[in-house]
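Trainee: Sequence:
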Amino acid sequence: MESVATREKLVAMGQLAAGVAHELNTPLGNILGYAQLLDRGAADHPKLSGYARIIADETQRCSRVVQELLDYARKDKCSGETCDLNQRSGETCDLNQLAQELIETFINCRLKRYRIEIALDLSKDKLVVEGGCGQLDIVLSNLLANAIDALDKVPEPRIVVRTWAEEGHAAVSVADNGPGVAPDIRNRLFDPFFSTKDVGQGSGLGLSISQAIVSKRGGFITYDADCGEGACFVVKLPSVDLERARL
281 MESVATREKL VAMGQLAAGV AHELNTPLGN ILGYAQLLDR GAADHPKLSG YARIIADETQ
341 RCSRVVQELL DYARKDKCSG ETCDLNQRSG ETCDLNQLAQ ELIETFINCR LKRYRIEIAL
401 DLSKDKLVVE GGCGQLDIVL SNLLANAIDA LDKVPEPRIV VRTWAEEGHA AVSVADNGPG
461 VAPDIRNRLF DPFFSTKDVG QGSGLGLSIS QAIVSKRGGF ITYDADCGEG ACFVVKLPSV
521 DLERARL
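Our numbering puts the first residue of the sequence shown at 281, with every later residue one more than the last.
You may find that some hints are simply not true.
Calculated lysine to aspartate or glutamate pairs in the DMTMM-like style (CA-CA distance at most 25 Å, straight line) [said to hold, decoys possible]: (1) Lys433 <-> Asp464; (2) Lys516 <-> Asp506; (3) Lys404 <-> Asp504; (4) Lys392 <-> Glu436; (5) Lys496 <-> Glu381; (6) Lys516 <-> Asp405; (7) Lys392 <-> Asp432; (8) Lys516 <-> Glu447; (9) Lys516 <-> Glu410; (10) Lys392 <-> Asp405; (11) Lys392 <-> Asp417; (12) Lys516 <-> Glu446; (13) Lys327 <-> Glu338; (14) Lys496 <-> Asp417; (15) Lys404 <-> Asp432; (16) Lys433 <-> Glu446; (17) Lys516 <-> Asp401; (18) Lys392 <-> Glu338; (19) Lys406 <-> Asp374; (20) Lys496 <-> Glu371; (21) Lys404 <-> Glu381; (22) Lys404 <-> Glu446; (23) Lys404 <-> Glu447; (24) Lys327 <-> Asp374; (25) Lys516 <-> Asp417; (26) Lys516 <-> Glu371; (27) Lys406 <-> Glu446; (28) Lys404 <-> Asp417; (29) Lys392 <-> Glu381; (30) Lys392 <-> Asp506; (31) Lys392 <-> Asp337; (32) Lys406 <-> Glu338; (33) Lys496 <-> Asp521.
Quick list of simulated restraints, FRET-style, between CB atoms [what the hints assert, rightly or not]: (34) Leu522 <-> Leu400: 16 to 26 Å; (35) Cys507 <-> Ala323: 45 to 55 Å; (36) Leu304 <-> Pro435: 34 to 44 Å; (37) Gly330 <-> Ala462: 38 to 48 Å; (38) Arg466 <-> Pro435: 30 to 40 Å; (39) His325 <-> Glu509: 39 to 49 Å; (40) Tyr331 <-> Thr306: 22 to 32 Å.
Bear in mind the hints are in silico, worked out from the structure with no lab data behind them. C-beta atoms are modelled at their ideal positions from N, C-alpha and C, and glycine is treated no differently.
Produce the complete structure using the sequences and hints provided.
Mentor: See below:
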């Protein structure tokens with residue numbers, strides 16, 4: 281009965297999220313339009329013009345995430361365990377570039393505000409996976425947001441984002457030096473509506489949604505219990521063979 285009730289909640293929330301995402305497109309379009317007008321009008325003020333371009337770029341990123349959410353909610357034709365939406369679209373995503381752009385956004389906002397040190401340890405090789413970056417943006421944003429929350433009141437807060445290649449897979453991890461996750465609740469981390477945060481501070485859906493997105497792409501997300509201090513989450517996705525793709 282609990283399983284059925286949870287499933288019904290997820291269906292209802294999915295429908296609500298799709299409706300909200302659709303409605304967000306209009307104000308996002310307005311913000312983008314005014315940012316572009318501000319950019320043109322601030323030609324004699326390079327600093328203001330730069331701010332306007334940042335607003336426009338971030339608004340476009342929001343629109344991309346909203347569209348990816350709508351695409352994810354759509355019922356796609358599937359073959360086996362993974363759907364062929366990404367293959368049909370022909371889009372790819374460079375994990376290194378995604379991590380850099382996302383970290384820049386977080387540094388300019390939350391990381392600077394909370395004085396959290398961020399370290400990037402990115403693979404020297406290109407790490408390209410199938411499908412657009414919008415859904416993976418959601419996954420990494422969730423992991424970074426959780427790490428930031430976990431570092432509350434930690435004396436020297438630090439987050440490390442690492443990317444690397446494995447046979448047939450591209451991987452990215454987000455680790456923090458917070459208190460970590462107690463062993464007795466690790467098997468519930470990806471359960472819908474399960475949260476270790478106080479009431480009103482988290483929905484308990486971030487990790488479960490992230491897991492669903494990654495699984496749909498043929499990958500997986502895990503909690504690395506051997507990372508040492510703090511918490512570490514690892515995402516692995518099937519990688520694109522660039523040499524074969526060129527041929």
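Trainee: Output the numbers, in ascending order, of every earlier hint that fails for this structure.
Mentor: 10, 15, 16, 24, 30, 38
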